[in-house]
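Peer 1: First residue of the sequence shown: 287, per this note's numbering; consecutive thereafter.
Careful: at least some of the hints might be erroneous.
Simulated pairs of lysine-lysine, DSS-like, Cα-Cα distance not exceeding 25 Å [claimed, not checked]:
#1 Lys339 to Lys354
#2 Lys339 to Lys350
#3 Lys340 to Lys350
Okay, the calculated beta carbon distance ranges per label pair [what the hints assert, rightly or not]:
#4 Arg367 to Gly399: 21 to 29 Å
#5 Ala421 to Asp453: 43 to 51 Å
#6 Ala548 to Met410: 41 to 49 Å
#7 Asn647 to Phe767: 28 to 36 Å
#8 Thr511 to Asp419: 27 to 35 Å
FYI, nobody ran anything at the bench for these hints, they're computed from the structure. Positions of the beta carbon are idealized from the N, C-alpha and C atoms, including for glycine.
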Amino acid sequence: AGLQGPWEDAPAQRGLGAEDPLQVSSQRSTTSYVPVWAPVPPHVLRVIEANQKKLALEQERRDKEVRKLERHRVSHDDYEREREKLQEEALTVEGLATEEEAGAVKDVDVWIGLMLLGFITFVMVMFTLVNDDDADMQYYTWSTISKTISIFVSVLMFSSVNAFIHDELLYGLSLPMHILGDFAQMLVYFMTVQSVTLLFSGVLEEQPFSMDKTKMVNNKEVPFTIAEQRDQKLRRMKCWAIVTAHMTGFASINFGGSVQHAFLRENRLMTFMIVPVMYTFHVLAGGLFQWIRMYTIHGGLAAHHQAIDYETVSQDLHDEFHIEHGGKLLMKKYEEEVVEAMNDVASLCISFLFVQALRYNISGVLPNNMGIEPEDYVHGAVSSWQMLGAIVLLCGGTAISVILQSWVPKQDQDTWINRAFLVLQTSLAMAMAWSLLCLTKWELARNMSLFGMKGGSPNTIKSKIMTAVGLSSVSFMVINFLDKLADASWTGEQTDAAIVRIIEALGILVGFSWEQAFDGGAEDLSVICPGNTVLVKLALACVVGAMVVTPWRRHILQTVMRLEEERGGGSEDNDLDLEEDGLRGTMFEGDTTTQAFEPFDLGGDGGTGDAVGSRASRRTSGQSRQSRGLLAVEDSEEDDRKPWSVFGFLTKQCCSVSKYGAGGFKRPPFPRRPTSARDLSGRRAPGLPTYPQVVRPR
Numbered sequence: 287a288g289l290q291g292p293w294e295d296a297p298a299q300r301g302l303g304a305e306d307p308l309q310v311s312s313q314r315s316t317t318s319y320v321p322v323w324a325p326v327p328p329h330v331l332r333v334i335e336a337n338q339k340k341l342a343l344e345q346e347r348r349d350k351e352v353r354k355l356e357r358h359r360v361s362h363d364d365y366e367r368e369r370e371k372l373q374e375e376a377l378t379v380e381g382l383a384t385e386e387e388a389g390a391v392k393d394v395d396v397w398i399g400l401m402l403l404g405f406i407t408f409v410m411v412m413f414t415l416v417n418d419d420d421a422d423m424q425y426y427t428w429s430t431i432s433k434t435i436s437i438f439v440s441v442l443m444f445s446s447v448n449a450f451i452h453d454e455l456l457y458g459l460s461l462p463m464h465i466l467g468d469f470a471q472m473l474v475y476f477m478t479v480q481s482v483t484l485l486f487s488g489v490l491e492e493q494p495f496s497m498d499k500t501k502m503v504n505n506k507e508v509p510f511t512i513a514e515q516r517d518q519k520l521r522r523m524k525c526w527a528i529v530t531a532h533m534t535g536f537a538s539i540n541f542g543g544s545v546q547h548a549f550l551r552e553n554r555l556m557t558f559m560i561v562p563v564m565y566t567f568h569v570l571a572g573g574l575f576q577w578i579r580m581y582t583i584h585g586g587l588a589a590h591h592q593a594i595d596y597e598t599v600s601q602d603l604h605d606e607f608h609i610e611h612g613g614k615l616l617m618k619k620y621e622e623e624v625v626e627a628m629n630d631v632a633s634l635c636i637s638f639l640f641v642q643a644l645r646y647n648i649s650g651v652l653p654n655n656m657g658i659e660p661e662d663y664v665h666g667a668v669s670s671w672q673m674l675g676a677i678v679l680l681c682g683g684t685a686i687s688v689i690l691q692s693w694v695p696k697q698d699q700d701t702w703i704n705r706a707f708l709v710l711q712t713s714l715a716m717a718m719a720w721s722l723l724c725l726t727k728w729e730l731a732r733n734m735s736l737f738g739m740k741g742g743s744p745n746t747i748k749s750k751i752m753t754a755v756g757l758s759s760v761s762f763m764v765i766n767f768l769d770k771l772a773d774a775s776w777t778g779e780q781t782d783a784a785i786v787r788i789i790e791a792l793g794i795l796v797g798f799s800w801e802q803a804f805d806g807g808a809e810d811l812s813v814i815c816p817g818n819t820v821l822v823k824l825a826l827a828c829v830v831g832a833m834v835v836t837p838w839r840r841h842i843l844q845t846v847m848r849l850e851e852e853r854g855g856g857s858e859d860n861d862l863d864l865e866e867d868g869l870r871g872t873m874f875e876g877d878t879t880t881q882a883f884e885p886f887d888l889g890g891d892g893g894t895g896d897a898v899g900s901r902a903s904r905r906t907s908g909q910s911r912q913s914r915g916l917l918a919v920e921d922s923e924e925d926d927r928k929p930w931s932v933f934g935f936l937t938k939q940c941c942s943v944s945k946y947g948a949g950g951f952k953r954p955p956f957p958r959r960p961t962s963a964r965d966l967s968g969r970r971a972p973g974l975p976t977y978p979q980v981v982r983p984r
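Full structure from sequences and hints, please.
Peer 2: Given below as structure tokens:
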């Protein structure tokens with residue numbers, strides 16, 4: 287029964303190998319006889335199989351070591367041969383005496399060398415442009431540099447705070463909770479724009495301007511003039527309004543991008559729906575915060591517009607009246623800066639989200655919330671041509687929006703329609719800038735081999751620096767050409783306005799390109815630093831912000847503001863209009879009142895001439911302020927008698943804005959009939975002595 291077949295097969299089946307059965311049986315103990323053909327127990331078979339597996343694994347390990355040693359030997363031989371070859375070549379070069387000097391040049395050394403050469407060249411080009419004979423080129427260059435630094439600081443601060451919120455505070459929560467966190471973060475930034483700008487404006491100070499203030503210059507205490515105090519407060523106000531506005535804009539972009547990725551990416555066309563939604567939200571938020579400012583800061587509706595209409599602070603140090611009421615100037619400037627900041631927030635958010643949806647519909651890849659495609663960043667030539675066509679359309683749309691705005695009647699310049707055109711122009715210009723940046727990155731990714739980076743990514747630091755330097759060079763050349771075109775005599779006023787808007791878009795493009803390079807560099811530095819990457823980036827952002835903001839505000843932003851004032855001809859035209867609005871319909875005897883409210887120039891260099899010329903022309907034009915005030919009263923009463931006057935609070939009074947674009951009620955939203963010329967504005971200039979008033983009979 288124990289026979290397993292022929293003798294030659296039985297040993298193999300029992301797992302004893304191909305040995306002779308007699309030899310195997312002779313090795314067994316003589317005390318117990320076991321037939322050679324008896325079956326092997328299962329546990330013995332398992333032991334034998336395990337030993338065979340161990341032997342096989344050991345043999346495989348030894349083979350790997352042999353192959354590894356062989357490869358090492360070959361690579362070592364290749365290395366030695368290459369080293370000897372380089373050494374021989376280096377010895378032929380004059381001046382190379384040591385082996386270290388003859389070593390191979392690393393790739394990182396090449397890029398550092400190129401960066402140094404490009405850096406010094408770029409700095410010299412900027413130095414040439416900021417000292418150009420053309421004042422317009424000086425302004426455009428300084429403005430571009432200022433925008434680049436402000437965008438860099440804002441994005442660095444926002445991205446570090448956003449990473450801390452999502453990676454530390456909201457870590458492990460669901461996707462809806464992260465989106466809700468983005469929305470809450472956006473609301474906080476909206477309030478930050480209002481509060482931080484108010485804090486640095488000086489409005490909360492009891493006496494913002496004082497004749498007794500001093501400052502230290504070269505370790506000496508010197509007087510701090512009223513004009514210098516005014517410039518300092520306006521500069522600080524504008525600085526923090528710009529920084530917080532950019533942070534708010536990128537917070538809105540972050541929230542809108544999260545909604546696009548979470549709910550709208552299934553249908554490409556649906557990604558465009560976020561644009562009108564965010565625009566509506568910004569309009570409502572702007573109106574809400576304006577009402578809050580109106581009743582909590584400005585002291586109500588009448589006081590709000592009384593502050594807005596106040597003209598300026600005198601440069602005369604002995605003019606106590608203007609010094610006492612300097613807070614009203616700061617209120618007006620505060621409202622102006624906040625409204626401009628809110629417009630920038632809306633334009634930045636709308637333009638970026640529109641370009642995100644445009645890129646998704648063209649290439650099929652939806653970038654992340656920072657506009658970067660981590661994967662699938664190589665696109666065909668067809669996508670590039672489609673994006674180029676979109677850029678041309680956006681450029682044409684910018685020019686058309688400028689022309690349409692010029693058709694708005696002058697009496698409607700303070701309405702929401704005018705503000706809508708301003709936001710539309712800025713949004714189209716920024717969208718063109720984002721699209722140009724996207725097209726450049728697509729072409730760089732598609733032609734990496736031309737730059738010696740075959741298979742490289744456009745998201746690396748060296749690629750971003752190449753993009754920024756290339757776009758900056760091309761942009762400044764185009765800006766120079768457009769400036770010459772705008773200075774030509776055969777271009778009209780509307781054409782010049784469209785050209786200026788395109789120039790501003792190119793300046794924003796330079797800022798966006800360098801922002802991505804700076805932000806990528808800061809992120810890479812935070813990764814290689816020991817410790818928590820998020821906290822390291824947050825600390826780095828705080829340090830960089832503290833080091834950059836102050837020099838930028840004191841030197842670059844101050845220069846931009848000075849050039850803006852010079853381009854505006856000293857005193858602003860809007861200030862002259864506000865002066866007339868503030869006194870329209872008010873009749874005082876004597877010339878004291880007129881002199882007290884004449885505009886003063888604080889620009890310093892030649893700005894007074896335009897204001898003086900305007901005053902002289904008004905005094906000799908044959909139509910006095912008093913006569914214009916009476917005519918305004920008659921027009922107001924005549925309008926109130928018309929059948930459609932009941933709707934006036936919707937079209938002219940309620941939905942109107944200040945001279946600087948601030949939305950809200952220009953005056954109480956119901957028609958009223960003044961009882962005197964003084965009552966047309968509903969107020970009298972504060973702090974002035976009372977003079978006999980001339981009242982027109984009813």
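Peer 1: Decide, hint by hint, whether the structure agrees.
Peer 2: Results for each hint:
Distance restraint check for Lys339 and Lys354: the Cα-Cα separation of roughly 22 Å lies within the 25 Å cut-off, and the hinted pair is therefore satisfied. A C-alpha spacing of about 17 Å is found between Lys339 and Lys350, which places the hinted pair at or below 25 Å, so the restraint holds. Straight-line distance between C-alpha atoms of Lys340 and Lys350 comes to about 15 Å, which keeps the hinted pair within the 25 Å bound. Separated by about 28 Å at the C-beta atoms, Arg367 and Gly399 satisfy the suggested range of 21 to 29 Å.
Against the hinted window of 43 to 51 Å, the Cβ-Cβ separation of Ala421 and Asp453 comes to about 48 Å, which satisfies the hint. Hint check: Ala548 to Met410, Cβ distance near 47 Å, so the stated range 41 to 49 Å holds. For Asn647 paired with Phe767, a C-beta distance near 32 Å keeps the hint of 28 to 36 Å intact. Checked against the hint of 27 to 35 Å, the C-beta distance between Thr511 and Asp419 comes to roughly 31 Å, which is consistent with it.
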